[in-house]
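Residue numbers (full-length UniProt numbering), protein chains in the order written: chain A, 1 to 339; chain B, 1 to 339; chain C, 1 to 339; chain D, 1 to 339.
Everything labelled a hint here was simulated from the structure, so no lab data went into it.
Do not take every clue at face value.
As the list claims (entries may be wrong) - Restricting the straight-line Cα-Cα distance to at most 27 Å, the calculated cross-link-like pairs of lysine-lysine (BS3-like) are:
#, chain 1, residue 1, chain 2, residue 2
1, B, Lys150, A, Lys197
2, D, Lys37, A, Lys217
3, C, Lys6, B, Lys18
4, B, Lys317, D, Lys261
5, C, Lys156, B, Lys37
6, B, Lys217, C, Lys261
7, B, Lys317, A, Lys22
8, A, Lys261, C, Lys317
9, D, Lys69, A, Lys37
10, D, Lys22, A, Lys217
11, B, Lys37, C, Lys261
12, C, Lys320, B, Lys37
13, A, Lys79, D, Lys232
14, A, Lys69, D, Lys79
15, B, Lys6, C, Lys18
16, C, Lys317, B, Lys6
17, B, Lys79, C, Lys320
18, B, Lys6, A, Lys197
19, D, Lys317, A, Lys6
20, D, Lys317, B, Lys261
21, C, Lys317, D, Lys201
22, B, Lys69, C, Lys6
23, D, Lys6, A, Lys261
24, D, Lys18, A, Lys37
25, D, Lys79, A, Lys6
26, A, Lys261, C, Lys320
27, D, Lys37, D, Lys79
28, D, Lys261, A, Lys6
29, C, Lys22, D, Lys261
30, A, Lys37, D, Lys37
31, C, Lys320, B, Lys232
As the list claims (entries may be wrong) - Derived CB-CB ranges, DEER-like:
#, chain 1, residue 1, chain 2, residue 2, range
32, B, Thr338, D, Lys217, 20 to 30 Å
33, C, Glu157, D, Glu154, 29 to 39 Å
34, C, Pro330, D, Glu23, 41 to 51 Å
Even for Gly, the Cβ is constructed at its ideal location relative to N, Cα and C.
There are 4 protein chains.
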Amino acid sequence: MIVVLKADTSPEEVQAVKDKIKENGFTPHEIQGVERKVIGAVGDEHFKDHLMEVLDSMPGVEDVIPILKPYKLAGREIKNANSVIECDGFAIGGDRLALIAGPCSVESHDQMMATASSVKHAGANMLRGGAFKPRTSPYSFQGLEEEGLKLLKEAKESTGLPIVTEVMNPGDVELVARYADVLQVGARNVQNFSLLKELGKVSKPVLLKRGMMTTIKEFLMSAEYILSEGNKDVILCERGIRTFETATRNTLDIACVPVLKRETHLPVVIDPSHATGHWDLVEPMARAAVAAGADGLMIEVHPDPVNAFSDGPQSLKPSKFVRLVENIRPFVQLMGRTL
Amino acid sequence: MIVVLKADTSPEEVQAVKDKIKENGFTPHEIQGVERKVIGAVGDEHFKDHLMEVLDSMPGVEDVIPILKPYKLAGREIKNANSVIECDGFAIGGDRLALIAGPCSVESHDQMMATASSVKHAGANMLRGGAFKPRTSPYSFQGLEEEGLKLLKEAKESTGLPIVTEVMNPGDVELVARYADVLQVGARNVQNFSLLKELGKVSKPVLLKRGMMTTIKEFLMSAEYILSEGNKDVILCERGIRTFETATRNTLDIACVPVLKRETHLPVVIDPSHATGHWDLVEPMARAAVAAGADGLMIEVHPDPVNAFSDGPQSLKPSKFVRLVENIRPFVQLMGRTL
Amino acid sequence: MIVVLKADTSPEEVQAVKDKIKENGFTPHEIQGVERKVIGAVGDEHFKDHLMEVLDSMPGVEDVIPILKPYKLAGREIKNANSVIECDGFAIGGDRLALIAGPCSVESHDQMMATASSVKHAGANMLRGGAFKPRTSPYSFQGLEEEGLKLLKEAKESTGLPIVTEVMNPGDVELVARYADVLQVGARNVQNFSLLKELGKVSKPVLLKRGMMTTIKEFLMSAEYILSEGNKDVILCERGIRTFETATRNTLDIACVPVLKRETHLPVVIDPSHATGHWDLVEPMARAAVAAGADGLMIEVHPDPVNAFSDGPQSLKPSKFVRLVENIRPFVQLMGRTL
Amino acid sequence: MIVVLKADTSPEEVQAVKDKIKENGFTPHEIQGVERKVIGAVGDEHFKDHLMEVLDSMPGVEDVIPILKPYKLAGREIKNANSVIECDGFAIGGDRLALIAGPCSVESHDQMMATASSVKHAGANMLRGGAFKPRTSPYSFQGLEEEGLKLLKEAKESTGLPIVTEVMNPGDVELVARYADVLQVGARNVQNFSLLKELGKVSKPVLLKRGMMTTIKEFLMSAEYILSEGNKDVILCERGIRTFETATRNTLDIACVPVLKRETHLPVVIDPSHATGHWDLVEPMARAAVAAGADGLMIEVHPDPVNAFSDGPQSLKPSKFVRLVENIRPFVQLMGRTL
């Protein structure tokens, strides 16, 4: 890290900074600039983010600038090859584009079986559906909970599609892991560190959604929480960030795809349904995501969007999903992948 | 709610919308505008946010606009008088300004006792300190956990100051509630609905921090989660939101004080330490918060900020905290309150 | 528009609101809701945004909600067919994808001729280059001004490519229009209404860049300024918005492509160079833009990016631009267009 | 500046970076870290922001980090004492709080005289009013132009209050400067560099409003444009930034007051009317601004807000302005100032 000193720093203050650097096992290198002195502190920053705060609190210090990225296990430097993550029969991050489809909420046996069957026939290779629902209002439908997990399991048995479903409470991780093939962390829980730690201990892949106001650095640090507990199977999912623009529900940060592919070996999935909030924007954003190099798509499909318990406005009818799959297929092939 | 129809909506589509409104127990009122038809749907919106999504999913509908605020128990309309919340000896929201001070993390017996004693003498009326710490990096100090809670309890016994401390995991609520007088929800957990529901069932006040990405509406909906489970004692705390500006750690949304005071009966506390991230900005922001009408301040104080385990750069030394208290006192009096 | 009244509004206040609505040539329609009364005001909102403010200022009024979009000439309702804009030999918005390439700044005769020739051979169909440069620092290179315009003209003569170049000062519009085929408004001037009005009076197309802080609604209102003065040839260009994310220079709002295509008949161009700020992100974002349905791309190319006077880090070398064109060509074809 | 090299940079690339640094008159200092090599480039960065781009474009370079602030004349290092700016009879930045009040738009002789007289009696020491109005819609009232300037002049003659008024077009600077005592740059023009340069040549003070998405650094760079042309009299005005929050028109960045006071010697004024957009939030934000250390307030007052041509919802009636002045007076005194 680089310590920038104030213009009027005293020699004693400079010495104290250098002593503190050494005391933490780092080596100080002083550079005298035209208007400022800076001190480079050489050492392994990964496990020393605390030293940055310490130096930043010292008299005479104007700024402390990190050199290394704060994540380690998530980074390309420790593992350059792309991670390909096995999800009970489908591998995300490899030659095939992941196409994860299904309803926002699991609502009933009939709704779940109908959707599972139709997305399977359209070409989806994984099934999504929420049994535990994080809703802004306490008066909204909160999910069928274990009953919903059972319906997902049944849908899997009939279609063979692996199941992705959300877990919200660290206390439910074991329960959800009994039914799900991939455990999803929702955007609002991206920095729910108790949950992340718990997920680091299970032996199933985790699909981690980026929060509405999570930087790419913080997103990778949240992945690092799971990785550092021992679970190597993390799938990243961008679902739109919050900005000043209100024409769409969120703003799809499409550039995060190549940025993440450069920074990390973990696969990157895009959720154009939540990113836009409108079903008619889902297909163009799905094409853009594929063209940008995403490893997968996560799309909300409902047999009867008007009567969906949640997220109806952004859900595709099965017939529209069929068309979407046909329309993105040539783009997937241009990117050297298959569906 | 108001349903705006598209310019080219067919009579059948209009009829379907009106039928759906009636089916949900609402009454439709049609207004034919110059370029658009709109339908007012009259009914109790509080428990019907789902109807908005339903209508928004229907063919021919361009937009659905809510009229009522989505929160009910948190709103002034159901309870106009300010809530005054008893916190084992100190009441927040009444005549006295809450001055909650203490270290970011509980680090040791000596650190905690020294800080508690010094903030008490300076004029603080509540004590803060984290035993469970939400940290961006898994490699950072994560808190002393139950050991920290015990030290907080000891500090309370020696100073008489009620304790505010964070709980992150729904599974820890019972444990933390055994030691704390006020349970804090951190900014990253403001939409951790599993945690909020659990906190709705305890009989101790909750200090709910606004998230970096949380609108005022969503903030009140998170309070509504706690209130709707039966716990009426919620204290709101603004600690800065995330914006494009990087000169400060977050952007203190000072105008949320009068906006919240207009919308809700719940007390509003400002945390200028997290909002700014720099100790030298804490005092001017504390003055501004008092002048804006806040019911309290939450301020990080550490006997030795350079060696703090966390948040050193934004922590005040005890001597600076003494001066802050003296400097804000006349502002508190101008606002008709005492310290 | 819809006027939402406060819960405790008096009959006199209601009457005053209705009178004010009538006084402005609108017709009031009252709806009595469960907790609130709302009044629909029927009339042509386009030229009446002032009425919204008037009503919003009246006692007893809680909120005023517009129903119609504030733009008229820019909207699909007044002109449903896509506008195809002639730019002295190349038409934007039609069957061919616009590929506007060139250096950030015009720097010298050799740099300009070399770039023009190489982008022409790679497949560009228009040439960009700045003679007047808006720079954050007054100490940065500010452009060659008229000398630069002459070099652009010369580059056009030798390659046949129409010229796009920026104008910053209303007083320079006439000068720039003598040389340029398309006049560009930079992101920082998107709400420079003096400049927009002046450009509404010229007979050359205007390429209007969205500002870092401009909503899609405001963007279309800025286009409306130009259209309402009589110039029908406006090309919209998204170049990234400002958000909290700093991994890229700006955040490319890719979803604005289908949103704009739904709202307006004007062509939409994407600038992936400014949107990302890194040359290695330009190609994936160019592919995504094409796949999302953009009518064109605007890309910075420089023969020697390291020695560019501006924007070197986001400029492509000619050889990389050749590869980009080859790589996007099949995507362009999939979208039913040619290069 | 600090150049961070990639992990796998070749010795030739390192040498090329060092050569480029020397070629630009800087001195390179190499530091070999654990995972990265960094090179400090020592020289006067103020006039060398281009070198950052050059280095950032070179192969092997991962990042270039500035050490010095990009502004020079605006900074405290070149001039530590607060600038006190004479505005024809009232000095901003000294012992008295600037209280700039008046209507959003100059509308008529009667409106202007009535407002001027009432704000004068209430305690205002400067008069505001717009003759050239930047409006989002081309169909909104655009101002009385020179006729408005004449009315402002007349209002000044009758009250003695110096006049602050906006100029939008570089071509109008001379005209506006003939009537105004202080020339205002609106938020949308904060990076209208043609206008800023023109204002750098006049001999009247400039009140520069921060844009909705302008960082504090960029804001000071815009001030630097004016200062570097020779005009030393720049007054900074914060009027709210754009964020995701929609409960207020903008988000008042109150912490910018102490941040700007630390960075610059220029006076800082707060506009709580535009920052909030609601008249009932103006007084609490005015108190907060004074308590935060602002040098002045800019407040919209209109004799009949309901019938104001613009900004009615955020304008105070004269009687409410009288009360505001009385209520902020003791806060002003606590800050060691007079009104």
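Structure-based check of all given hints:
1. Of the pairs offered as hints, the one joining lysine 150 of chain B and lysine 197 of chain A holds, with about 24 Å between alpha carbons and a cut-off of 27 Å not exceeded.
2. About 21 Å separates the Cα atoms of lysine 37 of chain D and lysine 217 of chain A, which keeps this hinted pair within 27 Å; it holds.
3. Among the hinted pairs, lysine 6 of chain C with lysine 18 of chain B is consistent with the structure: their alpha-carbon atoms are about 26 Å apart, no more than 27 Å.
4. The hinted pair formed by lysine 317 of chain B and lysine 261 of chain D meets the criterion: a straight-line CA distance of about 22 Å does not exceed 27 Å.
5. Taking the CA atoms of lysine 156 of chain C and lysine 37 of chain B, the gap is near 51 Å; set against the 27 Å cutoff, the hint is violated.
6. Note on lysine 217 of chain B and lysine 261 of chain C: the hinted pairing is violated, with a Cα-Cα distance of about 31 Å set against a maximum of 27 Å.
7. Pair hint lysine 317 of chain B plus lysine 22 of chain A holds up; C-alpha atoms about 24 Å apart against a cutoff of 27 Å.
8. A distance of roughly 22 Å separates the Cα atoms of lysine 261 of chain A and lysine 317 of chain C; the hinted pair therefore holds under the 27 Å criterion.
9. A C-alpha spacing of about 14 Å is found between lysine 69 of chain D and lysine 37 of chain A, which places the hinted pair at or below 27 Å, so the restraint holds.
10. This hinted pair does not check out: lysine 22 of chain D and lysine 217 of chain A have alpha carbons roughly 33 Å apart, beyond 27 Å.
11. Between the alpha carbons of lysine 37 of chain B and lysine 261 of chain C the distance comes to roughly 23 Å, so the proposed pair stays at or under 27 Å and holds.
12. Note on lysine 320 of chain C and lysine 37 of chain B: the hinted pairing is violated, with a Cα-Cα distance of about 53 Å set against a maximum of 27 Å.
13. The suggested pairing of lysine 79 of chain A with lysine 232 of chain D is violated, with an alpha-carbon distance near 55 Å, which exceeds 27 Å.
14. Taking the CA atoms of lysine 69 of chain A and lysine 79 of chain D, the gap is about 37 Å. The hint is violated against a cut of 27 Å.
15. Our distance criterion of 27 Å between C-alpha atoms is met by lysine 6 of chain B and lysine 18 of chain C, whose separation comes to about 26 Å.
16. Proximity of lysine 317 of chain C to lysine 6 of chain B is assessed by CA-CA distance (about 48 Å); at most 27 Å being required, the pair is judged violated.
17. Taken as a hint, the lysine 79 of chain B and lysine 320 of chain C pair is broken in the structure, with Cα atoms around 65 Å apart against an allowance of 27 Å.
18. Our distance criterion of 27 Å between C-alpha atoms is broken by lysine 6 of chain B and lysine 197 of chain A, whose separation comes to about 48 Å.
19. As the CA atoms of lysine 317 of chain D and lysine 6 of chain A are separated by approximately 48 Å, the hinted pair breaks the 27 Å bound.
20. The suggested pairing of lysine 317 of chain D with lysine 261 of chain B holds, with an alpha-carbon distance near 22 Å, which does not exceed 27 Å.
21. With a CA separation close to 40 Å, the supplied pair lysine 317 of chain C and lysine 201 of chain D exceeds the 27 Å bound.
22. Of the supplied pair hints, the one linking lysine 69 of chain B and lysine 6 of chain C holds, its CA atoms being roughly 12 Å apart against a limit of 27 Å.
23. Pair hint lysine 6 of chain D plus lysine 261 of chain A holds up; C-alpha atoms about 17 Å apart against a cutoff of 27 Å.
24. For the hint pairing lysine 18 of chain D with lysine 37 of chain A, the CA-to-CA distance comes to about 20 Å; that is within 27 Å, so the pair holds.
25. Distance restraint check for lysine 79 of chain D and lysine 6 of chain A: the Cα-Cα separation of roughly 16 Å lies within the 27 Å cut-off, and the hinted pair is therefore satisfied.
26. Taking the CA atoms of lysine 261 of chain A and lysine 320 of chain C, the gap is about 20 Å. The hint holds against a cut of 27 Å.
27. In summary, the hint linking lysine 37 of chain D to lysine 79 of chain D is not supported, as the alpha carbons are separated by about 36 Å, beyond the 27 Å threshold.
28. A distance of roughly 17 Å separates the Cα atoms of lysine 261 of chain D and lysine 6 of chain A; the hinted pair therefore holds under the 27 Å criterion.
29. Taken as a hint, the lysine 22 of chain C and lysine 261 of chain D pair is broken in the structure, with Cα atoms around 50 Å apart against an allowance of 27 Å.
30. A distance of roughly 19 Å separates the Cα atoms of lysine 37 of chain A and lysine 37 of chain D; the hinted pair therefore holds under the 27 Å criterion.
31. This hinted pair does not check out: lysine 320 of chain C and lysine 232 of chain B have alpha carbons roughly 63 Å apart, beyond 27 Å.
32. Between threonine 338 of chain B and lysine 217 of chain D the Cβ separation comes to about 41 Å, which falls outside the hinted range of 20 to 30 Å.
33. Against the hinted window of 29 to 39 Å, the Cβ-Cβ separation of glutamate 157 of chain C and glutamate 154 of chain D comes to about 56 Å, which falls outside the hint.
34. Taken as a hint, the range 41 to 51 Å holds for the pair proline 330 of chain C and glutamate 23 of chain D, whose Cβ atoms sit roughly 42 Å apart.
The structure fails hints 5, 6, 10, 12, 13, 14, 16, 17, 18, 19, 21, 27, 29, 31, 32, 33 (numbered hints given earlier, in ascending order).
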